[in-house]
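Just need the whole structure built from these sequences, with the hints factored in.
Chains A and D, in that order, give the protein sequences. All residue numbers for the first sequence refer to numbering that gives the first Met the number 0, where the first residue is 0 and numbers rise by one. All residue numbers for the second sequence refer to numbering that gives the first Met the number 0, where the first residue is 0 and numbers rise by one.
By construction, these hints were calculated from the structure, which means they are not laboratory data. Keep in mind that a hint or two might mislead.
Since the list gives no way to pick one copy over another, a pair counts as held whenever it fits inside one copy or between any two copies.
[To be verified] The calculated DSBU-like cross-link candidates involving lysine-lysine, where the alpha carbons are at most 35 angstroms apart (straight line), are:
1. K162 / K8
2. K367 / K161
3. K13 / K425
4. K367 / K13
5. K338 / K420
6. K386 / K338
7. K425 / K8
8. K29 / K162
9. K253 / K424
10. K214 / K367
11. K29 / K161
Number of protein chains: 2
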Amino acid sequence: MRAYDIILKKRDGKKLSRNELEFLINGYVKGDIPDYQISAWAMAVFFRGMDAEETADLTMLMAESGDMIDLSPIRGIKVDKHSTGGVGDTTTLVLAPLAASAGAVVAKMSGRGLGHTGGTIDKLESIPDFNTFLSRDRFIDNVNQHRAAVVGQTGNLTPADKKLYALRDVTATVESIPLIASSIMSKKIAGGADAVVLDVKTGSGAFMKDIGQAKKLARAMVDIGEEVGRKTTAYITDMNQPLGYAVGNALEVKEAVETLRGEGPEDLTELCLELGSAMLKLAGAAGDLERGREILREKIENGEALDKFKEMIAAQEGNPEIINDFNLLPHTDKTVEVKAEKSGYISSIEALEVGTAAVLLGAGRERKDSEIDLAVGIVLKKKVGDKTAEGDTLAVLHVNNEDNLEEARTKLAAAFSISDKKPEKKQLIYEIIT
Amino acid sequence: MRAYDIILKKRDGKKLSRNELEFLINGYVKGDIPDYQISAWAMAVFFRGMDAEETADLTMLMAESGDMIDLSPIRGIKVDKHSTGGVGDTTTLVLAPLAASAGAVVAKMSGRGLGHTGGTIDKLESIPDFNTFLSRDRFIDNVNQHRAAVVGQTGNLTPADKKLYALRDVTATVESIPLIASSIMSKKIAGGADAVVLDVKTGSGAFMKDIGQAKKLARAMVDIGEEVGRKTTAYITDMNQPLGYAVGNALEVKEAVETLRGEGPEDLTELCLELGSAMLKLAGAAGDLERGREILREKIENGEALDKFKEMIAAQEGNPEIINDFNLLPHTDKTVEVKAEKSGYISSIEALEVGTAAVLLGAGRERKDSEIDLAVGIVLKKKVGDKTAEGDTLAVLHVNNEDNLEEARTKLAAAFSISDKKPEKKQLIYEIIT
Chain A
0 MRAYDIILKK RDGKKLSRNE LEFLINGYVK GDIPDYQISA WAMAVFFRGM DAEETADLTM
60 LMAESGDMID LSPIRGIKVD KHSTGGVGDT TTLVLAPLAA SAGAVVAKMS GRGLGHTGGT
120 IDKLESIPDF NTFLSRDRFI DNVNQHRAAV VGQTGNLTPA DKKLYALRDV TATVESIPLI
180 ASSIMSKKIA GGADAVVLDV KTGSGAFMKD IGQAKKLARA MVDIGEEVGR KTTAYITDMN
240 QPLGYAVGNA LEVKEAVETL RGEGPEDLTE LCLELGSAML KLAGAAGDLE RGREILREKI
300 ENGEALDKFK EMIAAQEGNP EIINDFNLLP HTDKTVEVKA EKSGYISSIE ALEVGTAAVL
360 LGAGRERKDS EIDLAVGIVL KKKVGDKTAE GDTLAVLHVN NEDNLEEART KLAAAFSISD
420 KKPEKKQLIY EIIT
Chain D
0 MRAYDIILKK RDGKKLSRNE LEFLINGYVK GDIPDYQISA WAMAVFFRGM DAEETADLTM
60 LMAESGDMID LSPIRGIKVD KHSTGGVGDT TTLVLAPLAA SAGAVVAKMS GRGLGHTGGT
120 IDKLESIPDF NTFLSRDRFI DNVNQHRAAV VGQTGNLTPA DKKLYALRDV TATVESIPLI
180 ASSIMSKKIA GGADAVVLDV KTGSGAFMKD IGQAKKLARA MVDIGEEVGR KTTAYITDMN
240 QPLGYAVGNA LEVKEAVETL RGEGPEDLTE LCLELGSAML KLAGAAGDLE RGREILREKI
300 ENGEALDKFK EMIAAQEGNP EIINDFNLLP HTDKTVEVKA EKSGYISSIE ALEVGTAAVL
360 LGAGRERKDS EIDLAVGIVL KKKVGDKTAE GDTLAVLHVN NEDNLEEART KLAAAFSISD
420 KKPEKKQLIY EIIT
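Structure below.
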């Protein structure tokens with residue numbers, strides 16, 4: 000077998016066999032096949048695509064290229080949840096305790112933030128003493144005892160995906176649906192998930208700007224799940240404005256607590272009930288989505304969801320008292336307000352700009368090795384559709400280091416558009432793909 | 000400027016500017032841009048193509064990437080001729096003296112054979128003492144004195160093309176019309192040609208199996224010539240069977256002499272008159288193609304064409320007596336005949352198989368560093384459309400080393416198809432593109 004013939008075959012629109020993909024991926028990881036052949040192949044895949052079987056084969060080859068986390072000592076169906084990345088996306092912090100309180104098993108590995116997108120591990124680390132690096136045994140014990148644990152990635156997970164993604168990133172071959180789908184799903188599978196709920200964001204603040212592309216990606220991932228025996232449900236959700244009000248690590252923990260208490264933002268609450276109901280259904284803890292939402296609402300109302308968060312924090316050495324006293328979370332002394340320059344209705348809030356403003360304050364990383372400030376960030380005071388008078392506060396910046404403050408403030412102010420006409424209400428959930 | 004953005008732009012079907020191509024090609028030659036970005040770009044070009052201006056820009060950038068041969072001390076319009084490669088293609092040996100005898104200036108750099116395709120420099124070196132490595136001054140003197148000289152390539156011509164071609168060869172990106180066209184034309188331009196006559200072969204023995212693709216390639220090269228001020232005419236010609244009867248170095252020299260004497264194969268003679276008339280027209284030595292053919296026929300009939308070959312051989316230190324005594328050329332003691340196994344008409348002769356059989360005998364190179372035997376080769380006795388009786392000789396193998404003889408004989412025999420029905424006569428010249 001030669002890499003040349005495999006590139007040629009894909010270039011000419013033919014389907015690759017599992018053996019051919021195996022030769023390519025394993026050869027690449029071993030260093031037998033050079034970057035320049037893989038980048039030509041990736042560009043051919045960009046143009047020719049891959050069918051469901053090829054995509055599933057590639058996914059499994061990448062999943063199996065490194066460590067496969069064995070979560071079999073955990074009782075029950077391990078349901079993972081993955082978001083393609085947005086701004087102010089606090090859902091994991093809410094969903095892990097919420098779904099666990101309703102009977103699902105959440106053994107989740109999460110990542111750190113990069114660019115304008117935050118990461119769950121950074122957010123959890125703003126809880127004093129919270130330990131995101133548990134040993135495998137302790138992780139399993141925690142889940143068996145509390146039904147929920149969220150830790151950082153350890154081990155050598157999906158080295159093939161890491162190497163391939165780094166190459167795609169510099170050869171303009173990232174934007175290929177089967178390559179994106181297999182990259183995401185390979186990590187979920189290597190992480191030990193039995194079932195997966197996917198939140199595919201679409202809109203100006205999302206990786207997938209176009210809803211048609213978002214639907215294709217969701218379909219590709221659900222098809223992979225089907226092919227490899229991991230039940231997968233995908234939601235297409237809106238990311239034209241930030242989710243909830245808070246953007247920043249400790250600020251989002253606070254918002255998660257408020258949401259678990261039933262006092263959270265409407266959109267974040269709705270999305271958590273939706274994604275959570277799918278988790279319960281896949282975990283066998285609810286017969287259908289409607290029943291799932293009912294159970295979750297009940298768990299919020301009776302306080303069990305918040306109790307579960309407290310329990311999870313304590314089990315990972317964090318200070319559970321933050322739930323009662325937000326002053327225990329990192330916070331800034333200084334806040335700066337952005338005011339409306341005219342009256343009218345908020346017609347749009349560019350999520351990407353808000354995320355970038357938060358990075359400028361220090362809430363996120365520009366590069367993988369950047370230091371971040373867990374206290375800083377942005378809290379929106381208005382969302383799309385809200386009425387505003389001239390001089391009303393649109394958003395508040397929580398600031399420590401003032402170096403980039405002016406740039407962040409300008410960017411945040413520019414993220415808001417105000418119009419005379421009340422904008423049409425956008426759907427939060429566009430579609431559910433199963 | 001970033002290579003990433005240039006790849007992305009081409010991937011998305013946009014036109015690249017000269018500056019962008021310059022950044023890419025010069026950066027690649029210098030080693031600033033890695034192979035894996037160039038192969039991704041080449042694959043994007045395979046799918047998206049390039050327009051006439053982009054292709055011309057790329058051609059000039061590759062031509063200018065190394066030495067540019069300055070033939071300005073040579074008086075007159077230097078007309079080059081290029082064939083995309085076939086089997087038994089003896090045209091350059093005929094055309095250099097023939098066109099020169101009729102007033103054209105032929106200052107030609109040629110290559111060696113590789114694979115099933117022969118090379119003019121190998122063929123000339125089968126003439127005892129013939130010197131294919133003249134200094135630049137002597138090359139120019141020879142052309143000024145005799146109007147014809149054919150030498151091997153010297154200097155660092157088109158390093159960008161060499162590097163890019165080697166990469167395309169292992170990444171399944173060879174078969175792109177604009178990339179093939181710019182590769183060929185960059186070498187002609189760096190070689191100092193003022194005008195170019197192209198022989199684009201099509202058929203089973205050619206690189207371009209498909210006539211539609213051959214026409215596109217011809218059009219792309221003529222367009223480049225137009226864009227960069229080198230008058231270019233392209234012929235689409237048949238390579239479904241070998242050209243002429245001889246395949247092998249000394250054997251083809253003998254056939255060239257016979258053709259210059261007016262006793263050559265019909266197809267080789269016709270093709271030389273056609274290509275030669277275009278050379279005369281571009282050189283200003285004939286008003287039109289019809290007049291060109293008349294002049295060339297006259298030069299063959301009155302012996303001036305053959306005299307010119309003699310003159311050219313002597314001027315490059317070769318033994319001109321080979322023209323009167325073919326025994327002075329390398330030749331084999333042993334010949335082996337391939338006989339017809341049934342009676343009928345020759346319906347096809349697979350040129351690729353004939354060329355491969357000749358390589359097996361030692362007439363060509365499997366790798367760049369293979370030794371070749373100038374004496375060996377194949378002489379066809381029948382061509383497509385000829386009648387044969389069972390037991391008639393179809394072809395003769397001229398053999399020195401018998402190691403691969405059986406394999407060569409079998410391959411050569413299998414190259415012939417015999418049918419009961421007389422096949423339709425194929426055109427030799429399909430189209431002229433100007």
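The hints, checked one at a time:
| no. | hint | verdict |
| --- | --- | --- |
| 1 | K162 / K8 | both (22 angstroms within a copy, 24 angstroms between copies) |
| 2 | K367 / K161 | within (14 angstroms within a copy, 38 angstroms between copies) |
| 3 | K13 / K425 | between (41 angstroms within a copy, 33 angstroms between copies) |
| 4 | K367 / K13 | between (38 angstroms within a copy, 32 angstroms between copies) |
| 5 | K338 / K420 | within (19 angstroms within a copy, 91 angstroms between copies) |
| 6 | K386 / K338 | within (13 angstroms within a copy, 96 angstroms between copies) |
| 7 | K425 / K8 | between (44 angstroms within a copy, 32 angstroms between copies) |
| 8 | K29 / K162 | both (11 angstroms within a copy, 25 angstroms between copies) |
| 9 | K253 / K424 | within (27 angstroms within a copy, 86 angstroms between copies) |
| 10 | K214 / K367 | within (29 angstroms within a copy, 52 angstroms between copies) |
| 11 | K29 / K161 | both (13 angstroms within a copy, 28 angstroms between copies) |
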